[in-house]
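*Asks:* Please arrange chain B on chain A, whose structure you already have, making use of the hints.
2 protein chains.
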Amino acid sequence: MVDPTLRDQYISINEIYNIGFNGIITNAYILKKHRSAVTDIHEYLNFNGVVMTDSGAYQILRYGDIEVNNREIVQYQCEIKSDIGVILDIPTSHDVDRDTALRSADETYRRAVEVLDIVEKCRDTLWTLPIQGGTHLDILKRYAEKSVDIFYSGYSLYALGSPTTLLEQYGFDRIIDMIFTVRSTIPFSAPLHLFGAGHPLIVPFAIALGIDTMDSASYILYAKDGRYMGSRATYRLEDLNYFPCECPVCSKHSPEEVREMPINKRIEFLALHNLYTIFREFKEVKQAIKEGRLWEYLEDKANSHPAARRAFEQLKKYLEFIYRHTPIVKPDARAVFILSEDSIYNPKIMIPRRRVIERFEPIVNCVNLVPYSRGKILLDSGIEGSECISYIYTPILGIAPLHLIDRYPYSQFELGLKITKNSIIDDLSYLIFEALLKIVEISNKVVVNMYICSDVEWQEELYRKLVDLISMGETNIKIVLKANRC
Amino acid sequence: MVDPTLRDQYISINEIYNIGFNGIITNAYILKKHRSAVTDIHEYLNFNGVVMTDSGAYQILRYGDIEVNNREIVQYQCEIKSDIGVILDIPTSHDVDRDTALRSADETYRRAVEVLDIVEKCRDTLWTLPIQGGTHLDILKRYAEKSVDIFYSGYSLYALGSPTTLLEQYGFDRIIDMIFTVRSTIPFSAPLHLFGAGHPLIVPFAIALGIDTMDSASYILYAKDGRYMGSRATYRLEDLNYFPCECPVCSKHSPEEVREMPINKRIEFLALHNLYTIFREFKEVKQAIKEGRLWEYLEDKANSHPAARRAFEQLKKYLEFIYRHTPIVKPDARAVFILSEDSIYNPKIMIPRRRVIERFEPIVNCVNLVPYSRGKILLDSGIEGSECISYIYTPILGIAPLHLIDRYPYSQFELGLKITKNSIIDDLSYLIFEALLKIVEISNKVVVNMYICSDVEWQEELYRKLVDLISMGETNIKIVLKANRC
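Protein chains in written order, with the working numbering: chain A, 623 to 1108; chain B, 623 to 1108.
Take these hints with a grain of salt, some might be off.
A pair holds if it fits inside one copy or across any two, identical chains being indistinguishable in the list.
To be verified - Derived SDA-like pairs (lysine to any residue); straight-line CA-CA distance at most 20 Å:
| hint | residue 1 | residue 2 |
| --- | --- | --- |
| 1 | 905 | 859 |
| 2 | 938 | 668 |
| 3 | 905 | 878 |
| 4 | 1087 | 1045 |
| 5 | 1043 | 1018 |
| 6 | 763 | 1071 |
| 7 | 908 | 636 |
| 8 | 912 | 856 |
| 9 | 1040 | 636 |
| 10 | 1043 | 966 |
| 11 | 743 | 778 |
| 12 | 908 | 881 |
| 13 | 908 | 863 |
| 14 | 939 | 1080 |
| 15 | 905 | 881 |
| 16 | 874 | 633 |
Hints in this document: simulated from the structure, not taken from any laboratory.
Only chain A is shown next, with the shape it has when bound in the complex (with noise of 0.2 Å):
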């Protein structure tokens, strides 16, 4: 949703629809004071795509109290048939303590059941119910579970309110807490909406953590304020020596005749920039997703900022709920990149990585550990004819039995990163330990051929991580590791 900022409007509705956005959002407080003879929203804007209206609630947190009640607001958003509506609830700012953050997140949660009468009977309105707390993850978790029960009475999509204040001091790490307490909270199929967010650093985390909608005003204040937005950082325009975009208007100037413009023209120019950048990212998140690829877009977009870093490293606290919430399909034939050490906790890595371990049970008590890349073991002969269980091994993807050798994604993987730190190794050392603890239960001993063939040096520090894992406590009687040079 791009949030066109009527009353200063260097940018028509029309162009911000011509770039791909189909909704806008506008505010029905302002409306209704200031223009109290719409009827129809859309046929006001003269706009046919989503209108989405806020309430008011952002004039609260700037400037204080409004003139208008709950219940108005409602009726009011109601009667000028905005597409999806909000109700009038308090926002809170990134800052404040823990009474004011209660406070606003109980009155909020008042003020939704306040209109539940409306907001039932309103049904060409699609109701947002809106979660506070702020940074107070407590509170935030305690009104989305509370809020559960007046959901389905009438409201269509959650909202996670106030991170603007947040994301104006690149605090991405602490959104990226408070998207997680509300989205694993409230139901799954449920639409959530984060208000105010639409930087390109943090779109895709957002994204990714299960945010579906957002809005955003920061193209045309950036714009006033001087600021270029690009998908890596924001740039003053006083900073730029060539604009890194490809844009419809960056295509047609540079940096110093756009510096040369006068006020009004250089606003519009930073204005539909930044449009089009935010745009972009969108389309960049939806191919990635489209391909399978997410993981790795995050992966990348962690290296383009230090917040974008941040927002990266919290979202991985949070992967035991990512991996439940992946769709064990095989994306369409994409090889899984392996781009850094990060990769390992990439869904389609991790998720089958684990189910081989978890699956382990096979009652032997022999294994070859076989070495391999892209879908090609690096053995040629000796294992044809073994009566021992065979399972290939290779970092960052772990093991996995022989017959899975020709399947996604040990078929499909692209390595990127080099095999030589010492943490790959280590990794791959204690998962196969594991493996080999879980044979042990069963066969109480088990006799391991490890297979050491081409590219040979990463095999040879496994085998000596290995050996001294084994060596430790009592496993060294009970597993016995071969090594076989070939």
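*Replies:* Chain B only, in chain A's frame:
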């Protein structure tokens, strides 16, 4: 340089110029063979930008021999007033054996000598001296060395030949080796051209290693093959649901619409888009260089695709070369970004980090180690009036004398990475230990007051590691480490 492949022109030279490219490359051999009436290349093309002409070497690479000799084609390029000409070198394909590579390198050198009289006289054309040898680095090096003698007798730029076939296979790591070999052998001030390279995934790495110009016809070759260049990957048009791009042509169409275009329109669309994408990449790199954040850009790029990661890992082999040629000036008040573990190799971090250790010769027997974060020590009191010399410490950036705390980079870095990884603390402990050993060499004994204040976890870990390091060998009687918890 864009190669507009004159024979089947989907995109006019004018359009290429309007996108922003101010130079094109075209083929003198084809002109000579088919357009005998050409007398002035700029007039013929109706183009006032820079025109580089290739000699037909590419045709040799693809089709074997051609019907013109070296002196003829060099003379011809002079006559048609090419801005940048190339001798008729013998390209080395990446997959040839040593002998073939040696013959192509040697014959290329011989031909460079053979036309010295022409290039010396024809001063309005800048002449290119190609170095061949392919992936046989010793051959590349030998002929790069040999060519230095003749370079200043009439040549203006070097070129590295034939990465095209390697590029097609994303063999970026080997191209990095080739670039380094030539760049580190020829004079640092001599421009170096890279033939046939323009893919957004290799461009920043090539530039970081000192490539000055490149040429590529990939925009149209890819387009004819239905391939859509992205800054992060190349897509097949049929695989795209959304265009991850905001260029003027992508802003107007959806992938579905483009798929339904007639073939000529589709190729034109893809060619234009590809050109915009390549041009954006150059603008991104130029902007990153201007603001002193090329390393950060490379870190980001490395996570965009496994092939880019391989290029980055390979580039890290040549860090000493990069450090040697990095100007030691503070960029315009730009904070260094700490994005990943690779940030430690950022020249803006590694150069001052090493310099502190190299110049570490305080004749003292007492050192305070004070933790800090951006421009602020994490300690309220305790070191005022201390007779010990005080050093600040922090992960990645290392240690520095206290008085440097408000200087770049110690006052201007932005931390994105979480300091939880063992390897990061390991690194810092080795660095500090090395500094302490330098003191012990002079003063025989040193007392270290290590302050551990706020954000304590990594500091406690560092302390434990220092204790371990000191307790090895005889250093435990020479270095007395005391923890001061505040």
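*Asks:* A separate judgement is required for each hint: does it hold in the structure or not?
*Replies:* Structure-based check of all given hints:
With identical chains, the CA atoms of residue 905 and residue 859 are at most 20 Å apart between copies only, with a shortest distance of 15 Å across copies and 25 Å within one. Proximity of residue 938 to residue 668 under the C-alpha cut-off of 20 Å is found in neither arrangement, the shortest distances being 44 Å within a copy and 56 Å between copies. For the identical chains of this complex, residue 905 and residue 878 are inter-copy neighbours only, at 14 Å across copies versus 29 Å inside a copy, given an alpha-carbon limit of 20 Å. For the identical chains of this complex, residue 1087 and residue 1045 are neighbours both inside a copy (11 Å) and across copies (17 Å), given an alpha-carbon limit of 20 Å.
In the homo-oligomer, the alpha carbons of residue 1043 and residue 1018 lie at most 20 Å apart both inside one protomer (11 Å) and across protomers (17 Å), since each shortest distance falls under that limit. With identical chains, the CA atoms of residue 763 and residue 1071 are never at most 20 Å apart, being 51 Å at best within one copy and 44 Å at best between copies. Taking the shortest alpha-carbon separations for residue 908 and residue 636, neither the intra-copy value of 23 Å nor the inter-copy value of 34 Å comes in at or below 20 Å. Taking identical chains as interchangeable, the C-alpha atoms of residue 912 and residue 856 lie at most 20 Å apart only when they sit on different chains, with a minimum of 15 Å there against 27 Å within one chain.
Taking CA atoms no more than 20 Å apart as the test, residue 1040 paired with residue 636 passes in neither setting, with 49 Å inside one copy and 44 Å between copies. Proximity of residue 1043 to residue 966 under the C-alpha cut-off of 20 Å is found in both arrangements, the shortest distances being 13 Å within a copy and 15 Å between copies. Proximity of residue 743 to residue 778 under the C-alpha cut-off of 20 Å is restricted to the intra-copy arrangement: shortest distance 13 Å within a copy versus 79 Å between copies. With identical chains, the CA atoms of residue 908 and residue 881 are at most 20 Å apart between copies only, with a shortest distance of 19 Å across copies and 34 Å within one.
For the homomeric pair residue 908 and residue 863, the shortest alpha-carbon distance between copies (8 Å) is at most 20 Å, but the shortest distance inside one copy (31 Å) is not. For the identical chains of this complex, residue 939 and residue 1080 are inter-copy neighbours only, at 18 Å across copies versus 29 Å inside a copy, given an alpha-carbon limit of 20 Å. Only between protomers do residue 905 and residue 881 lie at most 20 Å apart by alpha-carbon distance; the minimum there is 18 Å, versus 29 Å within a single protomer. Taking identical chains as interchangeable, the C-alpha atoms of residue 874 and residue 633 lie at most 20 Å apart whether they share a chain (18 Å) or sit on different chains (18 Å).
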